[in-house]
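Chemist: The lines below spell out each chain.
Number of protein chains: 2
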Amino acid sequence: MSRPNSQDRALRERAEAVIPGGMYGHQSTRLSPEDYPQFFSRAKGARLWDVDGNELLDFMCAYGPNLMGYADDVIDEAYIRRMRQGDTMTGPTGLIVELAERFTAMVTHADWAIFCKNGGDATQIALMTARAHTHRKTIVLAKGAYHGANPWCATRPVGVTPEDKLNQVYCEYNDVGSLEAAVAAAGDDLAAVFAAPMKHDAFTDQALPDPAYARRARALCDATGALLVVDDVRAGLRVARDCSWSVVGVQPDLSSWGKCFANGHPISALLGSDKARKAASQIFTTGSFWYQAAPMAAALETLARVRDTDYLEHIEGLGTRLREGLAERAAAVGVGFRQTGPVTMPLFLFDEDPDLRRGFKWSTEMLKRGIYVHPWHNMFLCAAMTTDDIDQALDAAEDSFDALSRDLDSLGPVEKMKFLLA
Amino acid sequence: MSRPNSQDRALRERAEAVIPGGMYGHQSTRLSPEDYPQFFSRAKGARLWDVDGNELLDFMCAYGPNLMGYADDVIDEAYIRRMRQGDTMTGPTGLIVELAERFTAMVTHADWAIFCKNGGDATQIALMTARAHTHRKTIVLAKGAYHGANPWCATRPVGVTPEDKLNQVYCEYNDVGSLEAAVAAAGDDLAAVFAAPMKHDAFTDQALPDPAYARRARALCDATGALLVVDDVRAGLRVARDCSWSVVGVQPDLSSWGKCFANGHPISALLGSDKARKAASQIFTTGSFWYQAAPMAAALETLARVRDTDYLEHIEGLGTRLREGLAERAAAVGVGFRQTGPVTMPLFLFDEDPDLRRGFKWSTEMLKRGIYVHPWHNMFLCAAMTTDDIDQALDAAEDSFDALSRDLDSLGPVEKMKFLLA
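First to last, the sequence lines map onto chains A and B. Using the working numbering, count along the first sequence one by one with no gaps and you end on 439. Using the working numbering, count along the second sequence one by one with no gaps and you end on 439.
Worth flagging that the hints you see were computed from the coordinates, not collected in a lab. Every value quoted in this text rests on a predicted model; they were computed, and no experiment measured them. Don't take every hint at face value.
Because identical chains cannot be distinguished in the list, a pair is counted as satisfied if it fits within a single copy or across any two copies.
To be verified - Straight-line alpha carbon distances no greater than 20 angstroms define the calculated EDC-like cross-link-like pairs of lysine to aspartate or glutamate that follow:
| # | residue 1 | residue 2 |
| --- | --- | --- |
| 1 | Lys154 | Glu72 |
| 2 | Lys435 | Asp405 |
| 3 | Lys160 | Glu432 |
| 4 | Lys385 | Glu341 |
| 5 | Lys160 | Asp52 |
| 6 | Lys292 | Glu33 |
| 7 | Lys295 | Glu33 |
| 8 | Lys154 | Glu180 |
| 9 | Lys435 | Asp416 |
| 10 | Lys61 | Asp218 |
| 11 | Lys295 | Glu30 |
| 12 | Lys182 | Glu33 |
| 13 | Lys160 | Glu189 |
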């Protein structure tokens, strides 16, 4: 069952010459199992083809952006129609207004919107808005949470100064006591509490939000005048047709969005409540492509589908089928296998697997069988998936658990993951 | 000669409800003359239509992105073809390698590329790379230069902390003495010297780079081990088919690019030399849409045209015709009119015009005649413009100078520009 990979290897060699380290950022395979392809040629619906023509059922969904299916004809036609009339121009089109109206009508706490490109733009504008609103500087963040790759929230210290991370206090996600302590440490300088809608850090089990934690964050912001920011860039529209903390009954003042609300076309957003409107109008924030009309046309189409179809119940049903099926198959071979987070955004980790050798082995076996799963990052389901797809994944999983189980005691260390042991 | 504007007014009213301040960033008309439209419906070639159907010959070119003409059929078809095969996916396509090869082949100093979305992403990655390379923190910047809207280089202080701007020393652009003083002030902590390829700040005359200044910046970086960064986001490909400081014979270590190299499709880049490769491979930088294939297909098409056609000589010829024609017509009415910067990126300011009342009046007269010019920001020419277009602009300018000249002594203050007098 060896997969062809000569095209991928040839491109890697060329990439080595003209891209630092061969590839950068979250789509680098530097920390993936050896056989994982770096380069892809095509995508449609729930499927992906690597440059060597291997077909894959893709549980990464582009790390989130693929919500309704890759290359969705209706959404892409909306993009193309608008692009042909003019896209990046000297000013915005009326679509920016229409999109702000539609998005704020859908998200309970939101009265206004600013559109941008990166998820990290949206979290950075949230930070600036909160500081402008409060005339204070300190923010509270959960340790290990990802809010983008800008220096203030960078997760790797290289190229970042200690000064970039001043005015920050860390707490433990879902730990009310540590949240209270962090807010107390901020004293009278608290500008904002940032919260991921769930714990969805890499390399570790996910955790759904404890309603008591979310409510306490809201109460502490109300008591201090700070703004509550929910960073919904990653999870948005996969747990609710609203801000993701609506499922625990908590409304933030600001929420950041990105990835999937135009189904993979490049647009992100900060949504805010009236309380923060004046501050948001006073900061200067902009980008060359932020007023692009075509991604807004695609977003309008995507949000209409979010509003009008059962896409969410569909992926929740598929996610439950996947979770239950995997649990059963893992149990059958007696291997400890943890599935965490929302069923629409699963993360898989094995027990007794500190350097991920089990995860790498099992993921590699899945890949051989045409299923792309990630050994340490949360995954994403998309509405183009079917029960047949889930069943295909479960069949592959059964064989992959068998293969893992056979080799369980002879697995060698994963050198590239040794940093996890440190 | 009153232009219809009812659609624009209606959209502004709706925008006021759902967008902070009615619009944000550089495309807000908050600081434009009253009659300037906020919303547009269509663009093709060198022309733009506002939402009320008024046709405009557009000298802003989307603030730069429009290099080859709006809605260029060949470039857009390349985009669409690639989009239909898969755009934002779980990994990049081979186009990222091809684009890095083509771009580095074109730009003398460049050995590698990192692609991103915003121009400000590219300058921020430059900053991180320089700090990673040198293990130092301080950067030298020219006062008033724009390198994006991230907090470290923000031009408006609202929402930005003093800590965001630590480790920075300012100099005066083109002033060798002040550059030397700034480098001296950085002591043994100099990580980078940032330079715009020319002085292209808003509200003030532009200045071409003094070769002695550029050479001194290079020498000071060589002497200290710091990296020289040329921020070519705004000017790239409008003065050279290479980094813009190649015209003064100076090669940087890093150059940032954006806006126009995919003709308005969303992509930016940091290019670097081998010296900085290791550091660039060590930082963590990424974004959800940075690996998008379709903008890379459009960029390959745009860069091929840059390489293979006389687009640059064409816009330089048009720019010279415009500059000479305007100078003649301004002189004919005896009004002091300054045109600065490269002819392909002109900026117009009037003498004796501290609150821009002359500039606003003349620009408004141009707009009435179907020509979109900017009263305080540099403009951009595009390759879709023709000598007929320039002549149309010159005819409009003649009438507009006449109208200005008639009202010269009765112009009232421009309230929104009073901050310039402070």
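Chemist: Hint by hint, note whether the structure agrees.
Modeler: Going down the list of hints, with the structure as the test:
For the identical chains of this complex, Lys154 and Glu72 are neighbours neither inside a copy (49 angstroms) nor across copies (46 angstroms), given an alpha-carbon limit of 20 angstroms. Proximity of Lys435 to Asp405 under the C-alpha cut-off of 20 angstroms is found in neither arrangement, the shortest distances being 37 angstroms within a copy and 66 angstroms between copies. When the C-alpha separation of Lys160 and Glu432 is checked against a cutoff of 20 angstroms, the pair qualifies neither within a copy, at 26 angstroms, nor between copies, at 48 angstroms. Taking the shortest Cα distances, Lys385 and Glu341 never come within 20 angstroms of each other, neither inside one copy (22 angstroms) nor across copies (67 angstroms).
Neither within a single protomer nor between protomers do Lys160 and Asp52 lie at most 20 angstroms apart by alpha-carbon distance, with minima of 32 angstroms and 50 angstroms respectively. Within a single copy, Lys292 and Glu33 get their C-alpha atoms only as close as 49 angstroms, which misses the 20 angstroms cut-off; across copies the closest is 15 angstroms, which meets it. In this homomeric assembly, Lys295 and Glu33 come within 20 angstroms of each other (Cα to Cα) only across copies, at 12 angstroms, whereas the closest approach inside a single copy is 48 angstroms. In this assembly of identical chains, the alpha carbons of Lys154 and Glu180 lie at most 20 angstroms apart whether taken from the same copy (13 angstroms) or from different copies (10 angstroms).
Taking CA atoms no more than 20 angstroms apart as the test, Lys435 paired with Asp416 passes in neither setting, with 27 angstroms inside one copy and 73 angstroms between copies. Taking the shortest Cα distances, Lys61 and Asp218 never come within 20 angstroms of each other, neither inside one copy (28 angstroms) nor across copies (45 angstroms). Within a single copy, Lys295 and Glu30 get their C-alpha atoms only as close as 51 angstroms, which misses the 20 angstroms cut-off; across copies the closest is 17 angstroms, which meets it. In this assembly of identical chains, the alpha carbons of Lys182 and Glu33 never lie at most 20 angstroms apart, being 32 angstroms within a copy and 35 angstroms across copies at closest.
For a Cα distance limit of 20 angstroms, the shortest separation of Lys160 from Glu189 inside one copy, 6 angstroms, qualifies, whereas the shortest one across copies, 41 angstroms, does not.
Going down the numbered hints, you'll see the structure goes against 1, 2, 3, 4, 5, 9, 10, 12, while the others check out.
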